[in-house]
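Using the sequences provided together with the hints, build the complete structure.
Numbering (our numbering), first residue to last: 1 to 618.
For the record, the hints were derived by calculation from the structure and aren't laboratory data. This structure is a prediction, so every number in the text was calculated from the model and none was measured. Some hints could be false.
Result set (DSBU-like, lysine-lysine): computed pairs, CA atoms no more than 35 Å apart in a straight line [to be verified]:
1. Lys521 <-> Lys501
2. Lys368 <-> Lys330
3. Lys330 <-> Lys521
4. Lys99 <-> Lys368
5. Lys52 <-> Lys123
6. Lys468 <-> Lys501
7. Lys330 <-> Lys609
8. Lys468 <-> Lys521
9. Lys609 <-> Lys368
10. Lys99 <-> Lys123
11. Lys609 <-> Lys123
12. Lys481 <-> Lys52
13. Lys521 <-> Lys368
14. Lys415 <-> Lys468
15. Lys609 <-> Lys52
16. Lys501 <-> Lys368
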Amino acid sequence: MSSIPNRTRSVRTRGLDLTALIPDYPYDYGAFLANRGSAPLFDVPESAYGTKVLVVGAGVSGLITAYELLRCGLKPVLVDASGRPGGRMNDQHVDQVGKRHHAELGAMRFPVSAKGLWHYLNKWPHARDSAPFPNPGTEAAVSTVVDFRGEQFYYEHESQEFPIPPQFQQLEDYFFGEFLEQDPLRFSDMEAAMNSGQQDVIKEIWNNLVAPDEGDSWDNGSFFESLIRHGTWTADDIQLFGQVGFGTGGWNTDFPNSFLEVLRVLYTGLDVDHQLLLNGTGLFVNYLYDSAPAIAGDEVRYWDRDTTVRSLSEQEFPSTALNQVVTHIKRGNDGRFTVRFRNTESDVTEERPYDAVVYTPHVRILDKLRYTGDETDYQSATELFDASTWEAIMYTHYMQSSKVYAAIDTPFWNKDGPGSDGERSLSVTLSDRITRGTYLLDYSGGSIPGGDGAGIFLSYTWNDDSLKYLGDGQGTEAAEKHANICLNMLREIYPDVDFDKHLVRDVDTGEPFISWTWEEKTQYLGAFKMNLPGQYRYQRRLFSQFMDGVEDRTPDGIVLAGDDISWVAGWAEGAVTTAVNAINKIALVFNPPESWPTDGPISAWDELKPAAQDPASN
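What follows is the structure in structure tokens.
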């Protein structure tokens, strides 16, 4: 899930097969995972088999961490406070008799360059069922409407009759053809290096942006400021560019963020060639949580073939592993950890020991954790990390995001055909008004019977626009209110569409609408990290935390992971890569230094580590 949109020109149609080698640390996680095949990612000594490792947070990063620790022979105990696995893969649904309408309230589009994520999706046939995602301006969307300053612009992908408006095309051509090609951005050179895996070229281009000899880092400016300082557009050009975007929605919600945040996604191809998971993300999540690795053909050390992440976690917390809030963590003199839990159902509090901890939720939750309890609790929690890590945790900036969903009986926009004017009845819509992004989703074609429903995200918004949906609560009454607000606006653009005729109601709740705001959720407090100008040093510290203690051969047993620890927050690929980092680190914790693995991200650190803006940093 990300607010950064994609351009309409596909990478694959240009003959490129990009791997998201994140330029700050261009380690090829996809190749590492592929090379391991069905073997566990790392080995641990038999003396460590069955040792408990707590994994906090059952999002993608926590699930993959737990799944791979199980395969290594350790005992992952995966807990979450939300009552469900998945984190920001949140596949809720509206069910009719014999049909399911997916409502992906978090991640919903998955770039093909995310090779680490697809390594796991490809393990299970149903999980990998996919089709091109209908982003605005793409072939999968067929038609797009831009509603800007009271005027509507209709266009279709590569259509002669309804071409992209020339003013839009000029913006796209300038941004990708001129602005990003200027030195030192060198977009084509970076894309070619990504395509061929030239890590040295990737590092050379990127380091010159992050830590140039002159000291003027491109991290110092926002996206908007960079367009002003280094481009030739007028203020009106920039406002139109911010509204239109090219693919997933308007760009102006990213204007305050560091320009580096935009560049990373563009360079890595995470912004193009997105796929829709036709059977929903919940299937993938449940495979990781409920499925024995043997079903995917994966080898397992120590445990029986039918052992799952759920079964091991529920040995520790019978039926309540997904209802556990971690309220305190402290390190003992022996290097082990004592963790305090509160059961969200019974409100019972208890403490348990673990040999290592992988923490994957939002770091602002971690900042709250250390102030929960008495002064002794504060001191012991603060001692978990050094001052620079806590500084990075405290100043991490988060994006807000909201979705308003309506379940639809059929993808009628595909079946109604063009009207008398030749235009389709309903299109993917970008607006400068309250809905901002309206997406039309058709799940037909999946391999699971009954999962081929349809839905409309009446609104998909970010930042200030997202906050407009706060204050009404998040129940069915609020969902109907938010949906009616969106429908009132959309009816103005599409007066001939009878939206009410196509709504379907859930067999249990009778409701067709779902409204979701990530800022309002107590265990999330925002959608994902998105750094402001000048925050590269904070992100470098968070990402580098998995290396703590490695250099002096005393690897620390608490590891931060999750997509907001990664360089590409908002994309599941970041969750996967930081999970691999954490698993590598845990392997070091349980192995003597002479047996440390010689393959993996830790072994590549000295060669590829992120550039330090401060020469005194390592």
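Here is how each hint holds up against the structure:
Taking the CA atoms of Lys521 and Lys501, the gap is about 32 Å. The hint holds against a cut of 35 Å. Proposed proximity of Lys368 and Lys330 is supported: the alpha carbons are some 15 Å apart, at most 35 Å. Annotation: proposed proximity of Lys330 to Lys521 holds, straight-line Cα distance about 26 Å (limit 35 Å). Annotation: proposed proximity of Lys99 to Lys368 is violated, straight-line Cα distance about 41 Å (limit 35 Å).
With a C-alpha separation of about 26 Å, the suggested pair Lys52 and Lys123 falls inside the 35 Å cut-off, and the hint holds. At roughly 27 Å between alpha-carbon atoms, Lys468 and Lys501 fall within 35 Å of each other, so this suggested pair holds. Taking the CA atoms of Lys330 and Lys609, the gap is about 29 Å. The hint holds against a cut of 35 Å. For the suggested pair Lys468 and Lys521, the alpha carbons sit about 15 Å apart, so the restraint of at most 35 Å is met.
As the CA atoms of Lys609 and Lys368 are separated by approximately 30 Å, the hinted pair is consistent with the 35 Å bound. Our distance criterion of 35 Å between C-alpha atoms is met by Lys99 and Lys123, whose separation comes to about 25 Å. Annotation: proposed proximity of Lys609 to Lys123 holds, straight-line Cα distance about 30 Å (limit 35 Å). Taking the CA atoms of Lys481 and Lys52, the gap is near 47 Å; set against the 35 Å cutoff, the hint is violated.
Taken as a hint, the Lys521 and Lys368 pair is honoured in the structure, with Cα atoms around 14 Å apart against an allowance of 35 Å. Proposed proximity of Lys415 and Lys468 is supported: the alpha carbons are some 33 Å apart, at most 35 Å. A C-alpha spacing of about 30 Å is found between Lys609 and Lys52, which places the hinted pair at or below 35 Å, so the restraint holds. Of the pairs offered as hints, the one joining Lys501 and Lys368 is violated, with about 46 Å between alpha carbons and a cut-off of 35 Å exceeded.
Hint violations for this structure: numbers 4, 12, 16, all remaining hints satisfied.
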